[in-house]
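Residue numbers (the working numbering), protein chains in the order written: chain A, 1 to 309; chain B, 1 to 260; chain C, 1 to 366.
For the record, the hints were derived by calculation from the structure and aren't laboratory data. Among these hints, one or two may not hold up.
Unchecked claim - Here's a subset of chain C near chain A, in silico, CB distances under 8 Å, partners left out:
#, residue
1, 107
2, 134
3, 284
Yeah, the Cβ is synthetic: ideal placement off N, Cα and C, and Gly gets one too.
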Amino acid sequence: MDIFLQQVLNGLVLGSVYALVALGYTMVYGILGLINFAHGEVVMIGAMVALTVMNALLGAAVGLPPSLVLALATATAIAVCMALAFSIERVAYRPLRRAPRLAPLITAIGMSILLQNLAMMIWGRQYRTFPSVIPVTPHSIGGASITDVQIVIIVVSAAIMAGLLLLVQYTRLGRAMRATAENPTVAGLMGVNINRIISATFVIGAALAAVAGVLVAANYSIAHYSMGFMLGLKAFTAAVLGGIGNLAGAMLGGLLLGLIESIGAGYISDVSGGFFGSHYQDVFAFLVLVLVLVFRPTGIMGERVAERA
Amino acid sequence: MTTVAVDKLLEVRHVEKRFGGLTALSDVSLSIHRGEIYGLIGPNGAGKTTLFNVLTGIYRPDRGALAFAGRNLIGLKPFRIVEAGLARTFQNIRLFGNMTALENVMVGRHVRTRAGVIGAVFRGPRTCEEEDAIHKRARELLDYVGIARHANSLSKNLSYGDQRRLEIARALATEPQLLALDEPAAGMNATETANLRKLLTRIRDDGVTILLIEHDVKLVMGLCDRVAVLDYGKRIAEGPPQEVQKNPAVIQAYLGGALP
Amino acid sequence: MIAPFAARFKHWKRDRRALWVGYAMIAVALAVLPFLVDNTLGRTWVRVIDFALIYAMLALGLNIVVGFAGLLDLGYIAFYAVGAYTWALLASPQFGLHLPFWLILPIGFVAAGFFGVLLGAPTLRLRGDYLAIVTLGFGEIVRIFLNNLDHPVNITNGPIGINLIDPVMIGGVSLTKTHEILGIEFSGTHIYYYLLLLLVMATIFVCVRLEDSRLGRAWIAIREDETAAQAMGINTRNVKLLAFAMGASFGGIAGGLFSSFQGFVSPESFILLESIMVLCMVVLGGMGHVAGVVLGTFLLAVLPEVLRHGASPVQQQLFGKVILDPESLRMMLFGLALILVMLLRPSGLWPSPIRRREFADAKADS
Chain A
1 MDIFLQQVLN GLVLGSVYAL VALGYTMVYG ILGLINFAHG EVVMIGAMVA LTVMNALLGA
61 AVGLPPSLVL ALATATAIAV CMALAFSIER VAYRPLRRAP RLAPLITAIG MSILLQNLAM
121 MIWGRQYRTF PSVIPVTPHS IGGASITDVQ IVIIVVSAAI MAGLLLLVQY TRLGRAMRAT
181 AENPTVAGLM GVNINRIISA TFVIGAALAA VAGVLVAANY SIAHYSMGFM LGLKAFTAAV
241 LGGIGNLAGA MLGGLLLGLI ESIGAGYISD VSGGFFGSHY QDVFAFLVLV LVLVFRPTGI
301 MGERVAERA
Chain B
1 MTTVAVDKLL EVRHVEKRFG GLTALSDVSL SIHRGEIYGL IGPNGAGKTT LFNVLTGIYR
61 PDRGALAFAG RNLIGLKPFR IVEAGLARTF QNIRLFGNMT ALENVMVGRH VRTRAGVIGA
121 VFRGPRTCEE EDAIHKRARE LLDYVGIARH ANSLSKNLSY GDQRRLEIAR ALATEPQLLA
181 LDEPAAGMNA TETANLRKLL TRIRDDGVTI LLIEHDVKLV MGLCDRVAVL DYGKRIAEGP
241 PQEVQKNPAV IQAYLGGALP
Chain C
1 MIAPFAARFK HWKRDRRALW VGYAMIAVAL AVLPFLVDNT LGRTWVRVID FALIYAMLAL
61 GLNIVVGFAG LLDLGYIAFY AVGAYTWALL ASPQFGLHLP FWLILPIGFV AAGFFGVLLG
121 APTLRLRGDY LAIVTLGFGE IVRIFLNNLD HPVNITNGPI GINLIDPVMI GGVSLTKTHE
181 ILGIEFSGTH IYYYLLLLLV MATIFVCVRL EDSRLGRAWI AIREDETAAQ AMGINTRNVK
241 LLAFAMGASF GGIAGGLFSS FQGFVSPESF ILLESIMVLC MVVLGGMGHV AGVVLGTFLL
301 AVLPEVLRHG ASPVQQQLFG KVILDPESLR MMLFGLALIL VMLLRPSGLW PSPIRRREFA
361 DAKADS
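Using the sequences and the accompanying hints, generate a full structural model.
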């Protein structure tokens, strides 16, 4: 029982991060129909920038309280990532909006490779220790343990996602975003500045990615130039699982994928009589994805696109 | 007066189709005779396109039967229905945009030809013969619908009227017994409509039965041998145009509904 | 300037004899290429060309799936892996099997094709990017299995990989050894060059023939509009599966040769980045256009090597020392090149005439 609870907790933590990153994918996809392959790298850049700022502040011995250091570092990471995503869209995607569908996918891949190697040059190849400013001492809940960092991850992610939903549902910007996702041409005719909305979408997604990067790095106390790639891939998988283009779907998909992975990893060995070890964790996640899509080709919360004649 | 035994090519019996709570077709029956142009009309949302999609295998009806040349159509995949001899065009033209007009028609020959991977790679005499025949037939059909001069243009660069003609040629390439046209005159000007009327008459005279779904009542009345009227998913009339025109239910549906 | 040249070219086309002279010149150029490269740049570069040829086979196979049928496959490398491991298991000390190449090659072809159908079947209802992510997932699944099938029963030797794989043997003669024929010395790298070249030419031949056939038209029709293709009587399910199978089979053959050429395989050669690399070759060159795909492959296979060898000396020259890590500089420039080429030529470097027109139209519409 406590093992199960432990896996659920771990899954929620992992899933919250997936969800935050998945939102960035799903928002961009909803509006442009583009898999923003570079999004995972934005997460990594967020973690790396935060790491640099924290090391600088802590090293300068100004004596700031740790929580303030973390807040400042996160704020800087958010700002840098927003600027980065804004530039990526302007440089690599906007000129290709009317190009054949795969062209922006290739520039996205190129951007991902570029950013990863740029990060390797700046921050080095080795794993960097992320300063642990939030204590990692575990608390015990019903036989399972959870650290402060993990609590922060769940709470912060939940708050941010709630905020995003409110923004999209109730603000002028959110309405314009929904209209653009529905039909860019008509939205344009109605006076929506499409380019600004697309930029805003990228920038908001990047802010979430920066937070996710800081949270992940804080959780594992580690940051690495390649940390964004697999995380991004999983998050995109989560977005597809939930039904891409759908915000609630991305959140649900993220949490679900996190839970599947951690519960699956915990039990796969027992279920298969020891034949499959926890190495098969990723197989499990992808297998669930395949099964869901086979039965619901547009994801869990995706619209059923009726085959129209 | 002698009674001519009519040859029923397509029989629709008591077809019903629901989408959730909405009944798009209820108890629709009609029969299309071999060699005629059969019109299906009705106000917007009457269920014409739904019926069309039921016939061509995109929707499966909830109830009822479809018999085509004595064969059941229900449950067949769209490509099997084409194989059985029922070809269609689309209301919102769906050509293969980046293929030439000729290639579009050649695709239509797919269902009547056989070459596979081996044939494609080794190009034996039989494959060559088949390819030549496909080519020849496709050219003939382009000529038949009057757009032979555009054979090598990309289909998306053709004019609207020519695209409609190309769709007809592509459908004819499948050697249909019944050609089902979904609003072929939509968006056409008067000259284009007149030319279309000539083309359809000619296709009928050459032995292909036509099912025409149309909004343009004038075209249908002037062209069709028999007409059925749908309203709110029900068939409210069937018969020769002159008769249907006088039917009070039809007048009610059109004038009462369209001009409040 | 161009007009008379074009006219002469047209004239050439009509003149069969001139055409054959042209072919003969290309053949001679291809035949002496490895010796030329070996003597000027060194043996390493012949090896680079050999790998480029293997990639060409892969890219041409993927082009059938993505370029012709329009099915975005991000896990294509899985079929390469199936081919490579088929060869590795049937011709190495791993199980003590040493089957001859003329038996393994067809087995790899069929095994990869079978996997193509197996993995393609569940994805048939999916469209566009959903297909992409599921194929990506399949690619990863295959790699993870290769990585972990060393216990409880050791099949793949896990992350360590399989070593001492047999080379192609003809009449008891190993093709990776150096042989002297007619007084000319052919190293294994040279001999593989000719073998691979032959297979690439066969692949090109098959692709060109397929494109201009009943099946090729059906694939392109599905790419253009699947619903309309079905309404024209195309059995879209079977035709799509056939595209998966054909593409996968070419990948399987390429994998087998990779295995035998290297003498060693491990799961590391079949990571997602490799799938992406092959996709980049297809798109960068000109999706759907066989000649463009070959061009794209050679650029992307050779460019990173040029950067690898050039990065340090150029820095030495400019700054007097190596200040940037050559490996990451190389990948960075590679990423930059992908972005620039796509920005400047969104339909690829050498698109088929039809696709080029497509983009011109899209621009005109805006």
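Right, here's what the structure says about each hint:
1. A least Cβ separation of about 25 Å between residue 107 of chain C and chain A goes past the 8 Å threshold, and the interface hint is therefore violated.
2. Given hint, residue 134 of chain C at the interface with chain A, holds; its Cβ is 6 Å from that chain's nearest Cβ, closer than 8 Å.
3. Because the closest C-beta pair between residue 284 of chain C and chain A is about 7 Å apart, less than 8 Å, the hint holds.
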